[in-house]
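Undergrad: The chain contents come next:
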Amino acid sequence: MLVEWIIKSVVIVLFMTAGFAYVTLYERRLLARMQTRIGPNRAGPFGLLQPVADGIKLIFKEELVPHNADKLIFTLAPVITVIPALIITAVIPWGDTLTIGGTKITLYLTDVNIGILYLMAVTSISVYGITLAGWSSNNKYALLGGLRATAQMISYELALGLSFVGPILIAGSMSLLDIVKAQSSIPFILLQPAGFIIFFLASLAEVNRAPFDMPEAEQELTAGYHVEYSGMKFALFFMAEYIKLIAVAMIGSTLFLGGYQGPFVDQFPILGPVYLFAKVIIWLGVFIWLRATLPRIRYDRLMAFGWKIMFPIALLNVLVTAVVLVLVGG
Amino acid sequence: MNDRLLSSTVDEAVSSRLSGLLTEDTRPGYSGYLVAPENLLEAVQILRDELGFDYLSSVTGVDYLEEDRLETVYHFYRSTGGSGLVLKSSCSRENGRIPSLTPIYPGAEFQEREAWDLLGIRFEGHPDLRRILMWEGFDGHPLRKDWREPYFEEEAKPFKSRWPDGKAVRSEEKTPFGDNVCFPPDFDPQTWQAEPETVIERLQQDEKPLADEEIQTDRIVVNLGPQHPSTHGVFRMTVMLDGETIVSLKPVMGYLHRNHEKIAERNTFLQNMPFTDRLDYLASMSNNFGYAIAVEKLMGVTPPERAEYIRVIMAELTRISSHIMTTGFLLNDLGAFFTPALYALEERELILDIFEMVSGSRMMCNYFRFGGVVRDIPEDVLGRIRQLVTDRLPRKIDELDSYLTNNEIVKTRCQGVGVLTDVQAIAYSAAGPILRASGVPYDVRRADPYSIYDRFDFDVAVQTHGDVYDRYLVRLQEMRESLKILRQALRDIPGGPVLAGKPQYQVRVPAGEAYGRVEGPKGELGFYVVSNGKPNPYRYHVRAPSFINLTSLETMCMHQKVADAVVVLGSVDIILGEVDR
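Protein chains in written order, with the numbering used here: chain A, 1 to 330; chain B, 331 to 911.
Since the hints were derived computationally from the structure, they do not count as laboratory data.
Please note that a few of the clues may not be correct.
[To be verified] In silico DSS-like cross-links for lysine-lysine, where the CA-CA straight-line distance does not exceed 27 Å:
1. B:580 <-> A:308
2. B:814 <-> B:864
3. B:864 <-> B:475
4. A:71 <-> A:57
5. A:181 <-> A:71
6. B:580 <-> A:140
[Said to hold, decoys possible] If you only want the chain B side, here are some residues facing chain A, beta carbon under 7 Å, derived:
7. 550
8. 661
9. 664
10. 665
11. 672
12. 704
13. 708
[Unchecked claim] Computed spacing ranges between beta-carbons, pair by pair:
14. B:692 <-> A:268: 55 to 61 Å
15. B:563 <-> A:282: 54 to 60 Å
16. A:64 <-> B:470: 37 to 43 Å
Beta carbons are placed, not taken as given, at the ideal position from N, Cα and C, and that holds for glycine.
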């Protein structure tokens, strides 16, 4: 049992880190196509070794610590950011039970009955890393970026959390496995369209992607909270950002797109991870598409949007879902 | 004809109303009026309020070393169009003082600072007379005729050390470092510390607490630049922020200053033609155009018909390439990830291909000559231009329009941001799309037609709100109008020679002064050239539109968010090669 857990954990961590590397490549290639460019295609076939080259470059870069920075917090901040991103996906089911040679292997690390609470709790931790990075850098841009990140994430976490309530109510469980199983006939995107849209927008803000990439707004704050970071510490921030991107895509697919569900998944449980993977790829593609297309919303308008539009709609969505469930189910 | 009529009425009005204050400038080759410094403010007030010269285009100075005086030169225009009025006021070289026009024309602020910096004309009553292009520790005023740069060789090119028998001995090789480098007294470059706080202290002096503030907040000063992704070069905005709101902004420039004007005064007239390419390096053909017009006025030559048409074609293509790129990069400043910018660059490349075919160079074209252009356009290149103008560019501009104009985020980010009213725009001497977006239909091509622009049928693009969105709309509209002009020019272009007279290496320019101005993509681009009959210009001044447009930057950015300052700067469309010169 313990061995199985360790193997699964290692697989998940490795998958996420490798996934991070290739999401960067995916993003660069797709962006390039949308911008009438070619993109990186020199390292390896189709540029497949580009992430390796980037990784090697970042490892060997000099690490600078600004003169008056708080060295402990400055070093700790990227770690605080990257670890929650790595452990976020522990509760997400990749598939149902798989039988290999008579042994039953569950295609998920663990099925916690409060899986969604775990997600909420863990995603919130990484804000600390960003805020502390901005604070400890002793740089005004970084400070502004860190402050923006804090304010933005706090405001959008509310709407994000409320968008989770719809699937919880319909499935009647906070376990992600139960939620996926409840979608075997109909994915929740059809039952919860408003919830899906709120989740999508809030998750964009949560992972600081365009058009909500305020904390690292290149045009105003040069790079925001990680402006003073270099080398591997910068790579950790970069990694956290992209791993969170994958995690958000996985959570979204699980909650609204039926997770690992798909045709013939009952007969061949091994198809589960494949379906999940495909859904994540599409989800990421939409994120990248948005980045290539949209300008950035201004910070104050973003806050107004979060508090004055998203939050009430999310509340209303919860209310309507609950009332309808009571009426229909009761 | 019309021009002459207007100028004669101007003369009558001026002579009747201001006869006691002004005297006519009677030096051969010169025009305009002379005014004593003590009468300047009174005369200017009357000019602005009663005679309608509300647009102060250019302020500069000339150092007449032999007569021991500094002459300040003002070019006034009416924002309703027509020819201008030149006013000159002299003071002594030692401690000469001229009253500042900044209280009457706020647009004079940076230009007077520049004149103080480079020529040492002290403007009394100027609110903030500091150096603007040179650094604080600089000794002297480099545009004065007795100021000599380190490694000085001779007054004028071609230098004897390199001509004619090809002795390539540079004087900097003969002079060990530091031998004739001038520093201010008590200045030691080893121990000198820059004073980074001066601008910030000034900001803090300006600081006024907001009236209805309940929570006491700290303000922070942030330097946006000189190394910053959104300043389009080495430009710095020192902003004071209250939260994310700008309460004060001071532009700091001069990082790219190379004393263009001093170098140009050492060059011969023709050597300056390629040198103007380097001003606004995205619009070298327009720069050539302005300089050629100024010198042609002095020389009294008129280019042949075909050359005029070629000039117009090139200038309008330049305008399209500059505007399309500005639009693309404005979206970048709004936070779009390069997609609009790259779409814009694609079209610009096609225009640059044409420039390469006609002039041999994509950006530094060096294509115009006094009295024409350097070589003819081949017929197949004309065909390429025709195809581009009738087919590809209209399509692409419509595409840009459909993608951007109704984009929700673009609208919320741009509408009502960086507003400049029409009165402010004129007062701040704003030019080009900035002025027209504020509701002032002033375009030099129409207001004071040069070359053959009076023959073409086109509209002056104008909008009324004066915000970033309207500047974008004006640029979009202007590209369409440029296409209109191009189609007419390509239809009507005659055959014939492209250069009046034979090509000359050394042109004879009679003594006198001339101010040639064109409507460049960034605004009114003026060249003030004074000749004393020698092979080099005695004075050469560039009225750089993007430099003067920055005067109103603080007004536009006040009480906006820091993200908006970046967008406003993007909409002003500065090119640091032209701002810093």
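Undergrad: May I ask which of the numbered hints given earlier this structure violates, with the numbers listed in increasing order?
TA: 1, 2, 5, 12, 13, 15
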